[in-house]
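Chains as they are written, first to last, in this note's numbering: chain A, 1 to 354; chain B, 1 to 288.
By construction, these hints were calculated from the structure, which means they are not laboratory data. Some hints here could point you the wrong way.
[To be verified] Derived lysine-lysine pairs resembling BS3-like cross-links, with alpha carbons at most 27 Å apart:
| id | chain 1 | residue 1 | chain 2 | residue 2 |
| --- | --- | --- | --- | --- |
| 1 | A | K100 | B | K93 |
| 2 | A | K53 | B | K93 |
| 3 | B | K93 | A | K128 |
[Stated by the list, open to error] In silico negatives: residues of chain A with every beta carbon more than 12 Å from chain B:
| id | residue |
| --- | --- |
| 4 | D52 |
| 5 | V71 |
| 6 | M78 |
| 7 | E290 |
In this text the structure is predicted, and so the values were computed from the model without any measurement. C-beta atoms are modelled at their ideal positions from N, C-alpha and C, and glycine is treated no differently.
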Amino acid sequence: MSLELRNVEKKIGQETHIYETNLKLEKNTINVLLGSTLAGKTTLMQIMAGLDKPTNGEIWFNEKNVTGVKVQKRNVSMVYQQFINYPNFNVYDNIASPLKITGVDTNEIKNRVGKVAELLKLSPMLNKRPNELSGGQQQRTALARALVKDSDLILLDEPLANLDFKLREELREELPKLFEDRDCIVVYATTEPSDALLIGGYTATLLEGKIVQHGKTLEVYNKPNSLQSAQVFSDPPMNIAKIKKQGDVCSLISDDVSWKINSKLKDGEYKVGIRPHNITTYKEGSNSLEISGKVLISELSGSESLIHFTNGDLNWVSLSNGIHQKNVGEQTKLFMNSDEFLYFDESNKLVNNV
Amino acid sequence: MNKTVNQKAWLFVIPVFVLVAFNAIIPLMTVVNYAFQETFGNNVFMWEGTRWFKQILLSDRFHAALGRQILFTLIILFIQIPLGIFIALTMPKEGIGVSVCLVLMSMPLLIPWNVVGAMWNIFALPDIGFLGHSLNALGFDYNFTQQSGDAWFTTVLMDVWHWTSLVVLLSYAGLRSIQPAYYQAAEIDGASRWSVFRHIELPKMKKVLTIAILLRFMDSFMIYTEPFVLTGGGPGNATAFLSIDLVKMALGQFDLGPAAAMSLIYFFIVLTVCWVFYNLMMKNEGQS
């Protein structure tokens with residue numbers, strides 16, 4: 001089983017929503033579509049589902065061309081950001097609705113709904129209507145409806161975006177387990193890099209209607225193929241600075257910070273991408289670099305400290321574990337872990353491995 | 001939950017209370033005053049107790065008017081509500097068509113009621129009116145001033161023309177508030193058009209439809225101006241609905257006592273029906 005997009009393109013009027021895309025999703029995988037709002041995640045999912053037709057290109061499922069085949073004939077289910085349930089059905093009937101339409105017999109329905117409800121912790125509220133449930137329970141019901149069908153393709157379009165923080169964390173942890181023993185392809189769209197990391201599987205980074213990179217989630221995270229992919233997959237946003245390489249020494253152009261590098265890269269100008277959590281108030285790794293700056297904003301969130309500071313003419317973001325209170329305007333010293341630096345050439349390609 | 005007791009809050013209710021007193025309670029009490037007493041003018045009143053109420057409730061004239069009224073209201077509800085929903089469903093969802101339809105739909109609602117009556121009166125005249133003349137030319141023996149069936153037909157048609165838009169606009173608003181994802185989810189399930197209507201659109205429209213039905217019930221149950229101008233309640237008493245009959249009694253015959261009693265009964269019926277209906281519709285309705 002596989003889902004393949006071949007040269008898929010989507011235009012609405014003069015506007016291109018999805019640029020020519022090739023993507024192959026394998027059997028029994030969870031694939032995260034990661035990108036900001038309007039990156040084209042929903043459009044891409046609707047094309048995958050058959051709710052929308054591509055302007056050009058083909059969709060292949062199980063080595064069969066399914067372009068233009070209607071969604072009802074594709075065995076697809078979808079969960080939305082909004083909690084979509086039939087308002088006048090109780091939870092049981094909601095979960096059972098896709099089975100009833102396809103004419104599964106009553107005992108079988110009972111059996112399957114029971115199992116899915118158990119899995120999603122909905123058993124105690126099978127008789128309640130959606131408007132008597134919390135947001136989390138409503139979304140669980142929608143998820144149960146998607147799972148009960150044994151679909152070949154399950155599409156989740158930012159399913160956690162409308163939930164409040166705690167419910168979101170809870171459901172996010174359960175999600176990967178829900179799909180573990182299923183014979184299907186799962187696509188999960190999100191704007192949050194942390195979602196992708198938690199869910200694992202595969203990730204495709206999307207930027208302005210283009211898939212920048214597709215691969216195993218950790219690989220995409222650790223070895224982004226380009227600056228764009230790295231930027232999509234970084235929250236808070238990645239720090240990017242110009243550097244000059246001469247021999248085995250690199251130095252920031254904007255400041256007097258330099259470090260050794262073991263690489264066959266040609267001498268010249270490059271860009272370095274540093275994720276915020278690699279700039280900390282404490283030393284980390286064996287190759288720590290000191291950087292000083294003036295504090296712009298200092299935010300504490302839970303057990304982390306986010307410090308925005310200026311160095312040279314750039315604004316930097318650092319993310320440290322623990323509580324580190326800094327005063328605005330204060331001159332401060334931070335440490336960068338140069339082992340984790342990502343280097344990009346002038347065409348924004350990753351050059352770490354050169 | 002603990003509620004704080006704060007009697008000062010009553011102070012803030014006073015302005016509303018004064019306002020309501022002047023526009024509702026005092027006029028209503030005047031009617032109550034007439035309903036229990038007999039007067040021959042000069043501000044002389046004699047206590048009559050429930051005599052007028054008994055007289056009205058037992059009178060054939062009241063039964064007939066009430067029957068006509070109920071029939072009329074039921075007919076227009078059964079036409080306007082489904083028709084309104086149907087038109088709302090077929091209205092365009094985007095583009096220039098939306099504003100065109102909305103403006104067209106609002107037009108009948110903006111015309112003063114007596115003008116509607118006058119318009120339809122001329123429109124339906126059998127000799128010179130477009131509708132009346134055409135019907136006769138087509139071979140129908142149509143004369144709304146003489147045949148009670150024709151009078152009913154014209155009155156119902158007029159009301160449908162005048163008020164279906166209200167149901168359309170309310171239903172349309174209800175439909176537009178349904179997120180597109182609902183339709184997509186139903187499409188993925190393979191639900192039929194009827195199921196989409198029955199299980200998504202209708203439940204989502206429930207609240208606006210309740211309001212639509214309530215408004216149409218109240219307005220049609222208290223209809224006066226349009227049939228008064230169109231048919232004057234005739235021919236005979238064929239289209240003399242409750243309020244037309246009431247005005248005849250109060251101002252035509254100057255039977256202030258029975259008319260006041262009838263007003264109160266009338267008011268009580270509208271109030272009860274609305275209350276019962278609203279509670280039935282909103283039963284099992286959560287805080288969604």
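Tested hints:
no. : hint              : in the structure
1   : A:K100 with B:K93 : violated (30 Å)
2   : A:K53 with B:K93  : holds (21 Å)
3   : B:K93 with A:K128 : violated (33 Å)
4   : D52               : violated (10 Å)
5   : V71               : violated (5 Å)
6   : M78               : violated (6 Å)
7   : E290              : holds (51 Å)
Going through the hint list in order, the structure does not satisfy hints 1, 3, 4, 5, 6.
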